[in-house]
Each structure stands twice: as C-alpha cells, then as structure tokens.
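**Q** So you can see what is in the structure, the chains are spelled out below.
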Amino acid sequence: MSFLLTCPNCGEREVTDFAFGGEVVPRPSSKPSERELNTYNYFRRNVAGLQREWWNHRSGCRAWFLAERDTTTNEVRWVALPGA
Amino acid sequence: MSERLPPNPRERINRARTINFSFDGKDVEAYDGDTIGSALHASGQKVLSRSFKYHRPRGLLCCAGQCPNCLVDVDGSPGVRACTEPVRAGIKVTHMNAKPSLDFDVMRATDLFGKPFTPPGFYYKTFIRPRRLWPLYEKVLRNAAGLGRLAKRQADREWRTEYRRRRADVLVVGGGVAGMAAALRAAELGADVVLMDDGPELGGAMLAGQDADSAKELAESIRAAGVEVLAPAAALGFFDGLVPAWQGNTLHQVRADRHIAATGSIEQPLIFDGNDLPGVMLCSGAERLASLYGVRPGETAVVATTTDRGLESALALQEAGIEVAGVVDARAGDGSEELLGALAAAGISVHRGTGVVKAFGRKHVRGVVVADLDDEGRPDPASKRGIDCDLVAVSGGTMPATSLLLQAGAKARWDEASGSYLPDGVPSDIRVAGAVAGHEPRNCAAKSGAVAGAEAALSLGLGSEEDRARLQADRASLLRETEGPAPAGQARTQDAGSRNGKCFACLCEDVTTKDIDYAIEEGFDSLELLKRYTTVTMGPCQGRMCQLASIRQMSEDTGASIEEVGLTTARPPWSTVPMGVLAGRPFEPAKRSAVHGRHRELGGNVMWAGDWRRAYDYGDVRAETMAVHEGAGLIDVSTLGKLVVSGPEAGAFLNLLYPNRFDNLKPGRIRYGVLGDDAGRITDDGTICRLDENSFYVTTTSSGADAVESWFSWWLAEWKLDVQLTDVSQGLSAFNLAGPRSREILSGLTELDCSNDSFAYLDGKRANVVGVPCLMLRIGFVGELGYELHCPGPLAEHLWDSLLEAGAAHEIRPFGLEPQRILRLQKMHILVGQDTDAESNPLEAAMPWIVKFEKEEDFIGRWALEAVAERGAENKLIGFTIENGTVPTEGAAVVVDGQPVGLVTSSRFSPKLERSIGMAWVPAALAEDGTTITVSDEGRQISAAVQTAPFYDPDQELLRG
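Chains L and P, in that order, give the protein sequences.
Just so you know, the working numbering puts the end of the first sequence at 105, numbered straight through with nothing missing.
Just so you know, the working numbering puts the end of the second sequence at 1323, numbered straight through with nothing missing.
In short, the hints are calculated from the structure, not lab data.
The beta carbon of each residue, even a glycine, is placed where N, CA and C say it ideally should be.
A few of these clues could be false.
Listed next, the stretches of chain L that the computed footprint assigns to chain P, with coverage defined by at least 3 CB atoms under 8 Å from CB atoms of chain P [claimed, not checked]:
(1) 22 to 32
(2) 35 to 42
(3) 57 to 66
(4) 76 to 86
(5) 91 to 104
Computed list of lysine to aspartate or glutamate pairs in EDC-like fashion (alpha-carbon distance at most 20 Å, straight line) [what the hints assert, rightly or not]:
(6) L:K52 to P:E1219
(7) L:K52 to P:D1040
(8) L:K52 to P:E1228
(9) L:K52 to P:D1039
(10) P:K1082 to L:E44
(11) L:K52 to P:E1218
Could you build the full structure based on these sequences and the hints that come with them?
**A** Structure (structure tokens):
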C-alpha cells in the first residue's frame, strides 16, 4: 500500500507519515443496549469503496483529521479537520 | 591477463591502471573498470559458483546481472552478482554454496548419484520416516539449504542505508535508447524527470554494440536537459505508483505522476543437455564480456540460435577476435539473407535446421553435439555430430521485461506473430517504450521513446500546440514502422534440441525439463502450481531466464496453447535486494533522561525499558530496597509521560476520559486515574494534579506516553471542547525522593514548609528546590513517604546532585527499576501491561472504588463497566503470599484440580516482609482473603495464601504521616 495523503495543516505527504485511526464510528450519544455497545466496540463495516475515516499526522503536526477514501483504489476524495 | 582481447573503443576498462583483489584467498589482478566477474574470467577462473541443488559448477552466462550464475560473497555480504559488481581494491571475494572448495564440492553427489532421491518436491516426500530421525535430517537439510552465509556478528551484517523520497512529474525506468529518448523528450517539454537504470552506464543494449558512442552522447544530452539519472539503481517493484530503486546505500522511493516503462527485453537461453556448463553463455553476455571488458569469452565459439540475433552475434564475436566454429540455427528456412551472406563472406559455416543436443565437458565446455531437427524440432539421432569449442553462445529469442508493468496492473498478451508477449491494458498513467512495447527492430526504439516521453509530458498539461502536432506525426510514423508482421528473422521458432540428459529450465533452483514433466505428471498442471511445486521462476533471477522456458514446456506437455498456459503473477522484488536495504538504517532510537550520565557514574546497570535506557539497579537490589524503607531513596522517573491539560473545559474533558471525577479536584490536590477504552479495558494509569482552576498536570506510564497523548487529542478532536493539550514529557525531568527521611532532606533544600500539615499526602505544590523550579507531587508509588519532583530538564542534573548530596547524611541511595518493582508490589500498585492485559477492567483489577457510576457523564468505558458490574466480576486480580520464600515464575498458572484457572502476573521476594509476594488473576470465587490457591510452576505445585489488602502499610499510615 502506498499513496499520498493531504494533512489539512501540513499538506501532501506519503501515507507512511500518518497513523490510521480506522473508520469513523460514532460513539452512542446515550446508553446503548449491549448489542449496540458491542457493535460499536467490535464491528466495522469494512467497505470496499468510499469510507470516512480518521487519520493522525503522527510524524508531522500530530493532528487528527477526517478523510474520505476509496478503499479499493486508495483515492482520497477529501480531508478535513473535524468540525471544519 | 592472457585472456584479454586487443583494446577496443567501447571498453570500460582502463588498462593503464590495475587493481588487486582476492578470490578464495588467491590474488587476482584486474583493470580499473572491471567487474569482479570479468576480472575472474580474464584470470582464467571460469567457475564462479556452484548451483543451488546439485552443486554443479556454473560460470558467467548473462554478464548483465540477470541470471543466478555468478553469485559470490564480497567482504562478508553474500549474494552479490560478480558480473555487475565493480572491482574495488582489496576486496575479499569468496565463492558460495560449495564445500570444501569451488573445485571440489562434496554436495555434487546430489547431482551424480542423488537423482532418484531428489525429484521436485522431494522435501515433501522424503526425510519423513522414521520420525525420530527428524532432528538429524533437519540438521543435514538446514546445512544444505539456502545460498550463502550471513556474517555471524550483527555489526558485520548491518547496512547503513537511507531512504530518500523523490517526487517527480515523470519517472522513466530503463536507460536504454528508448528510455533515454523518452526522458529527453519529456524534459524538453518542461517535465521534472527521473530516470533509473540497473546498469552503471546508460545505453542498455547499445553499449556493447556499434552504437556505443551515440549512447554516450544521448546520456550526456539527457543530463544536460536536467533529467536526474539514478544508475546503477535497480527498480525493485511498482507499489501503487511508488517505485523504489536500490542504489548503493540509498533506497530511492520515487513517486511520479507519469511512468514510462522502457525496461527492454531479456535474451533467453536454449534448452539442451548440459546447457548450464561453464562456457555456455548468452550471445549478449559473450558480446558484453568482449566488448565492455576486453575479456576473451572463449577461444573457439559455437553460436546456437533460433533468431537472427545469433547470426549478428556470430559476426560480432568473430570481429572481436574469437574464432567461430559454426552457427547452429534451429530455423531451416528463415533468416536474413544479408546476415547469411555476411557470415558466408566471413567464412563462418551456418548449420541451418540444426540444434545443439548436448554440451559436453566436465567443468567447462569442450564441445557440443549437434543434430538435424525435424519439422517438430526433434533431433534426428542419426545426424548427430560433434563440434569442438570452449564457448557456446546461445540466443533463444527475447522475453520482454514486463514484470513492473504487470505489477502496475497491465496484462501481457502472447503474440503468436512475433513469438513474444506484448503489454496490454496498461494503466493510463503509464507509457511503454522500446523493446518491452514490442517496438523492435531497434531502429524505432528511439522514436518509440520520444513518443512515450511526449505523451507523458503533454498529458500533464505541458508543451504547446506545436508539440502536440509533432507528437501526432511521430505517432503516425512509429505506427507505420511497427505495423504488420515482425521482420523476418526476429521471431523465435520452436526450441531446438533434445530433452535427454540434464536440460536446465531453471538455473536458480536447478529445475530440469524432466522435473517439469514429472511435476505435470503428478498433477501440478497449472502454471502457478507448477511454480510452487518445482520452484521454477522462484530463484534470484525471478523468472528472467526460466519463465518462458517453463511456459513453453508446459504448453508442449499439456497441449495447451501458450496463451492458455498463461503467466504467473508478477510480484516484487523485480531485482534482488538485501533485506537490510528495505529495512533502512538500523535505527533503535534510545531515549535517555537528562541525568543519564549520572546513572552510569553511579554504577547503574542500564537496560532497555521500552524506548528508554534506564537503571535496573545500582548493584544491590536488596540494599536499595531497604534504603527506601529505612532512610531515603532517589529514583529517576523522567520517563513518565507528562501532559498539561488546560482550558475552561479541562475538568469536564478529564471527567469524560477517566472513570473517576476530576472536576471536583481542588487546585493543588492530586488524584490517581486509570484510563480505559469504551470496552472498559485498562489502557494506562497515572496521577493527575490540578495546578489551578483551568489546568491539570497529567502523568502517564513511561511506555504509554505517546499513546495517551494521541488518545487525548483524538477525543478532543471528536468532542471539540475548549481544552489545550501540551505534551511536556520531553522537556521535564522527574525524580521520586522516597523514604521516611525524605521530608528532612527536602526541607533543607527548599523554603517551602514541608511539614505534614502544610504539605499533606496527595498535595501538589510548586516551589524552588536548590533554586530549581519544581512541581512537587506528594504521592507514594513505592509505599513510603515520598515526593515526586518535576523540573525543567536542563536543571535536572543540579537537582539530582543536590538531593544525593543533601541526602548523604540521611543514608540516601539511588535506586533502580527492580527495587521499585518490589516496593510497588508490596503496595499492590499495578503495572499496566504487567498485571493487566487487553481484557482487564478496573472493576476486576482490584480497583472497583475508582469507577464512579454516580457521575453524570457517559465517561469512556461507562457502559461496558456497567455491564461488568451487573454480571459480576468473573475474575479478580488479587495478592498472594508464600511463606517458604518460593518465588513462582511470572506467568505461572493458578490451577484448580490440575486445570489452569488463572495466572501469576507479578512475583518477588520482599526483603522487608521476608516472604514471597505476588499478584495473580484468579476466578472471583477464590478472591477471598485467606483462601489457599495452587500455583503450578514448571512442575512444582506451590501453595499461596490470598491477600486482598496491600502487603505493606495497608492503612496508609506511613504514606500519610
């Protein structure tokens, strides 16, 4: 695997500069059922296609940001700081 | 150097300068510019290696780094290709894979007598029974397996390599005429171009031929045009647009927007009995040796071929001064009239419609047996005749070097007309140029390159309308030149020769044509299976010399067409590369505290602790432990992670992260905190001191510092609270001054009132100590009165020295990690990762008091912990004591009725308590004070008494006093 990723702070870098934070899984806003909790903790959609995910510019500014990436081609559609 | 030819203008060597090196202890004289292989060949050393399985002698074959025949060990680095490795003065070259010597190799027995025992896949079939002999078999097999030996000492195996990343507009792989033309055109149009080639000099196939001068000119002009040339730099593979190339001590990682594959083609050997004997060389290899290094490949040559390449080569060899005893051409009718005429004029006899049946000789070719071939390419035994020679130059057509293209997602389509593979379905960011594109004959390679270069640059938005027009014109003329059937004589006809005797399809792995037949008979009748079973194409040549041969034979054996047989999946690395180059510089960053030098001076046994170098002890664990109990001890805890969390919502933030409360912590007070995740699992722990209304000082475990910072900042990104996070781990040092006399010591060094009333347990205060600004945390990890002093790193040495100096009157001792482990175990203070694992939660890990379900917040882990609380704990972390002083191994099982039900996580002998203490996970039913548990430790059954309260000072009187 190798592709370029754009850090919203620092710009385009090799993906090896970053730590992958996994697909975005929203934390339940109120007490979940045990099944919902287990789904949140342990299940991932693991899509072949567009996925919204967390990245951390670990060897750079250390910011966490969101990206939408096609998991089959590694094409990154957009990146953004959360809330931006 | 009797084997040198007269000087020629193309040669790379400087005959005025000699260089000496050694081969197997013997001195060898070489010329500057020689490769190890050319120098050895010139010195008369024709056998360079022994083969992988049968230990047959092997000599130079390709002279271009394509085959496995010349692998040697250079100064302790095995697997170096002698034919391309430049000679350097004083290097020690040794042979590989032969014992006791290259001349006499006992393992040759596998070739001479071992035939019935070493069929393909023999390691699945033999050496199995009787089972009890396996240790012996294993020893023998491991000795026999592999090529070369790694240096014994780690330091001798290390590579000082660096990664280098390079962005470019256009990357050209291959520095032959097509690659150079492509690079030049792209650069002329304004592109930033990188060109890589595995040879030391650009020019590819041109260098050994008549066009050598124009290759040099072209190379100069591309450098002048600003192309960055990496040579010799072998491209290793295609990784989603990233092409790594190994050049000396650098691993270039080139990422370009457009790629041009100009990787050329690889001349193929022929199949006949003894086709691996030293003296059998590819035509291109023999020519390279003669032309580039002025080395005589042999006295008398027979050229065996299936294409016009062999006819050209015969002329070139004779011109270089080698007697050509005949050309054996498998084609009965084809062949360029012009070349045939030239051969006739040169007095070289051409045996048309014949093939080589056998090359004979013991360690070197002494001659060949040739025979007439019938329509299907089978030799007629009656027509067999011998020709004496000491060089057999072979050319079985070419195989385009498509591996990188295939790795990039292209396909290779068999083209019956040209008898070759052509790239198909090439991804849009890649252009193909030259021989690999099928743009033979060579006179259109330059045009093919220029078209590819222009296409790449123009597709990046460079160039003008005029350039577009020129591209159109070039494209049209290229199409005209390459249209229609391949020119007569270029196509490869069927293989010549017989299949009797040892005909090697794969030189790397010693796979004969019979082995392939045998494997197919056994049912391995798909190419991918055949590859895995026989290991054909899996050796150092990566299929360069054997892929086509194995495909052709499978096609013949099974009756499937070449297209139906298909190709095996192309995978990196395309060129052999030491693992150390891929690993990069051996890089073990050591973190050292600001007073690391002091630990050395004090006799500390310094060891790795995660990334840190820390003092395990200072020589006397017992005395250090007792000093903390009786006087005072000082330990360097600078390794702790340290975060400042500040802002109006800092308290709320920590309330969400930790299971206990922090918003109600008073400024100047400290609270212990356990971090967990939403599955309730413990991930880290530490103390949190509220510095003022809006800021907290959070410490983490030493190894968890990075992960906690990352965890905090992730949730901060998610929750978007008004909080700032500052990691001060690297800037601050910290020492724990502990022991009953620590207060006296500290009082003498600061103006702060250190009395118990004013500076109580779990107070955090800021004050100067010997003039050093400190944050002082009164906490008790080691179980005695103690102060953790956090101060700026640059001042730490002064503080450390002053504490030890002032403490001298109070019998202070520095103490290391091991005494600290005993001390904390006496208090049952957990070590995250030692006493907890990925399944531990605070309710079960003896800390139910820390989880405040009454908090309003849905803190991290709340829901999972609620579920645990509802279900009830299944297992619990407890303490245990063993009266007789036995210390069970950490990790030993706790058993009930002989069945493991838990495990010991920590165990030590406590010199203070004079008994063994430990912690263990046990089923909740056993977690009661006074219960006896059984620890099974390497056959011993040890009884231990459960204790849930700390072993030492359970009521915290010492800590609070």
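**Q** Which of the numbered hints above does this structure break?
**A** The structure conflicts with no hint, since it agrees with every one listed earlier.
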